[in-house]
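Protein chains in written order, with the numbering used here: chain A, 1 to 276; chain B, 1 to 260.
The hints are simulated quantities; they were obtained by calculation from the structure and are not laboratory data.
Only a predicted model underlies this, so the values are computations on that prediction, with no experimental measurement involved.
Please note that the accuracy of each hint is not assured.
[What the hints assert, rightly or not] Using C-beta positions, here's what the derived DEER-type ranges look like:
{"id": "1", "chain 1": "B", "residue 1": "Gln127", "chain 2": "A", "residue 2": "Ile176", "range": "38 to 44 Å"}
{"id": "2", "chain 1": "B", "residue 1": "Cys129", "chain 2": "A", "residue 2": "Val213", "range": "42 to 48 Å"}
{"id": "3", "chain 1": "A", "residue 1": "Ala46", "chain 2": "B", "residue 2": "Asp183", "range": "40 to 46 Å"}
Note that beta-carbon positions come from the ideal geometry of N, C-alpha and C, so glycine has one too.
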Amino acid sequence: MDDTWNHILSWWAEGGDAAIGRTLLVLVLGLLVARAASAAVRRLLANRTSAQHEMIAQRVTMYGLVSITLIAALHELGFDLSVLVGAAGILTVAIGFASKTAASNIISGMFLMGEKPFSIGDIITVGATTGEVTAIDLLSVKIRTFDNLQVRIPNESLLTVQVTTLSQFPIRRVEINMNVGFDQDVAAIRELLMQIADETELILESPEPAFLVKGLGESGIELMFAAWATRENWLAMRTTLVEKTARALSEAGFELSGPHRKIVFAHRDDAHSPQQ
Amino acid sequence: MTSSSSSLWGNVDLPPDTHGEWRIGPLQMWIERAEHEWSLATKIVAGGLDESIAYARVDGPATEVPDDAERSRCAVGRGGALHVGPALADRPVVVRAEEPFTLLSGDETTFYVSSPIWLRLCVGDRQWCEFPSLRPSDTWFGPSTREGELCYASRTAARMSLADAPVLPARALTMVRLHNEDDTVLVFERLKIPIGYLGLFAGEDGRLWTHSLQVVRTRESADVDVDSAPPASAGTVALLEGQRQSGPNLLKRTIHALFG
Numbered sequence: 001m002d003d004t005w006n007h008i009l010s011w012w013a014e015g016g017d018a019a020i021g022r023t024l025l026v027l028v029l030g031l032l033v034a035r036a037a038s039a040a041v042r043r044l045l046a047n048r049t050s051a052q053h054e055m056i057a058q059r060v061t062m063y064g065l066v067s068i069t070l071i072a073a074l075h076e077l078g079f080d081l082s083v084l085v086g087a088a089g090i091l092t093v094a095i096g097f098a099s100k101t102a103a104s105n106i107i108s109g110m111f112l113m114g115e116k117p118f119s120i121g122d123i124i125t126v127g128a129t130t131g132e133v134t135a136i137d138l139l140s141v142k143i144r145t146f147d148n149l150q151v152r153i154p155n156e157s158l159l160t161v162q163v164t165t166l167s168q169f170p171i172r173r174v175e176i177n178m179n180v181g182f183d184q185d186v187a188a189i190r191e192l193l194m195q196i197a198d199e200t201e202l203i204l205e206s207p208e209p210a211f212l213v214k215g216l217g218e219s220g221i222e223l224m225f226a227a228w229a230t231r232e233n234w235l236a237m238r239t240t241l242v243e244k245t246a247r248a249l250s251e252a253g254f255e256l257s258g259p260h261r262k263i264v265f266a267h268r269d270d271a272h273s274p275q276q
Numbered sequence: 001m002t003s004s005s006s007s008l009w010g011n012v013d014l015p016p017d018t019h020g021e022w023r024i025g026p027l028q029m030w031i032e033r034a035e036h037e038w039s040l041a042t043k044i045v046a047g048g049l050d051e052s053i054a055y056a057r058v059d060g061p062a063t064e065v066p067d068d069a070e071r072s073r074c075a076v077g078r079g080g081a082l083h084v085g086p087a088l089a090d091r092p093v094v095v096r097a098e099e100p101f102t103l104l105s106g107d108e109t110t111f112y113v114s115s116p117i118w119l120r121l122c123v124g125d126r127q128w129c130e131f132p133s134l135r136p137s138d139t140w141f142g143p144s145t146r147e148g149e150l151c152y153a154s155r156t157a158a159r160m161s162l163a164d165a166p167v168l169p170a171r172a173l174t175m176v177r178l179h180n181e182d183d184t185v186l187v188f189e190r191l192k193i194p195i196g197y198l199g200l201f202a203g204e205d206g207r208l209w210t211h212s213l214q215v216v217r218t219r220e221s222a223d224v225d226v227d228s229a230p231p232a233s234a235g236t237v238a239l240l241e242g243q244r245q246s247g248p249n250l251l252k253r254t255i256h257a258l259f260g
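The whole structure should be built from the sequences, with the hints applied where relevant.
Here it is as structure tokens:
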């Protein structure tokens with residue numbers, strides 16, 4: 001401890017105060033240049049490339065210039081950089097052990113940037129979270145949910161879970177599943193639903209809507225009606241379609257069938273008499 | 001009260017505290033003028049093939065506008081005359097044949113397709129708004145659900161004869177001459193009309209026309225040539241609106257970009 005203190009005092013006596021001044025100058029100028037350069041890169045790439053590429057270029061510029069500034073500052077303070085480079089290997093191993101999760105996230109982030117399953121501005125679903133991607137950072141991806149919350153998802157976990165990109169393709173399908181009683185006229189229901197699709201402007205004429213009889217379920221005939229809309233109109237179309245379908249079926253006298261069970265009580269005198 | 005379609009378009013004299021009532025095919029429109037404000041209300045009241053035309057200027061506010069009409073207002077400080085004009089759709093229009101249509105090798109045919117018009121309102125030389133006379137259904141035109149283009153679906157079938165095409169105030173007619181130069185038959189159910197490259201004209205009989213299209217199908221492509229005017233059968237026409245999109249006159253497309 002005394003040796004260190006004596007070393008600092010002797011360094012100060014040999015003009016260390018001037019070195020500190022130069023170091024501060026290098027730091028201030030370097031950081032200002034880094035900030036200005038990253039802003040210039042952002043302006044240069046604005047409207048010329050995707051928001052994601054713009055952010056990556058900006059951050060590479062910023063981190064690169066900050067690193068150079070720090071090395072120059074250490075040099076001004078008299079540190080022998082060759083020793084620093086030699087120690088870097090050992091340091092990397094030490095940091096690697098100490099920050100295994102962070103390193104894993106960084107590497108996962110690089111894979112994500114390479115694979116590009118989504119970009120900034122895309123709507124994605126990860127687990128139970130759906131929202132707009134606002135940032136793809138070194139360690140995590142940030143999502144703004146539709147109720148305006150920011151969710152941070154570590155890059156590492158994004159490589160191992162299912163991610164659904166809702167805004168990848170220009171058109172999407174809405175599917176309505178319903179059960180109707182066994183005695184209902186399926187052909188008439190089909191005609192009714194096709195007429196609704198024909199009258200709803202947000203439903204695409206092509207690809208054509210599809211009506212499927214999926215099977216005979218426990219509580220009735222299982223039907224599915226599927227129609228297409230543009231990505232932007234998907235939610236509005238789904239709301240309109242469900243509303244119109246429910247109203248039209250009701251007005252036409254069709255009854256949707258909910259889950260129900262028929263329970264038969266065995267009875268000594270009348271074992272086959274069903275009671276609902 | 002007017003019942004001539006040619007008098008529907010142009011500048012409208014509406015002094016403060018008056019309103020105008022229009023009926024353009026399926027669309028009913030009310031525009032009310034206050035001192036520094038215009039109010040617009042629209043409602044679709046009939047089907048796309050409705051032929052009604054009417055315009056009347058009425059003193060006082062528009063009290064008979066239905067509750068379910070769509071409304072908007074525009075503040076106007078500088079004033080200026082109201083201009084009501086037609087325009088063509090802002091996306092391509094896809095026409096569907098009732099049955100698959102076949103054109104034999106080396107043969108040619110002519111047909112007429114109609115597409116709904118948009119209304120464009122301007123105050124002085126400044127645009128106020130633009131909206132369809134009847135909102136057409138959306139449709140997707142492309143080889144897959146990943147590749148293609150969002151278009152409007154024309155609800156009327158193509159006509160092989162001009163006499164079969166009714167004069168409709170809210171639809172514009174496009175003549176398409178199709179020539180199959182390939183040595184195989186051309187079979188298609190849907191045809192995409194690149195409406196953005198066409199201008200809009202008014203005929204003397206009140207019918208709205210667009211530039212005509214010449215489509216020449218070769219082996220794997222189709223050359224689309226936009227004529228300089230509507231067909232001669234349109235008679236004397238006056239240009240109402242220029243093309244929305246500018247570009248080379250001759251458009252070379254793949255077969256799948258035009259026929260579906």
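Going through the hints against the structure:
no.: 1; hint: B:Gln127 to A:Ile176: 38 to 44 Å; in the structure: holds, 40 Å
no.: 2; hint: B:Cys129 to A:Val213: 42 to 48 Å; in the structure: holds, 45 Å
no.: 3; hint: A:Ala46 to B:Asp183: 40 to 46 Å; in the structure: violated, 52 Å
The structure shown violates just one earlier hint, number 3.
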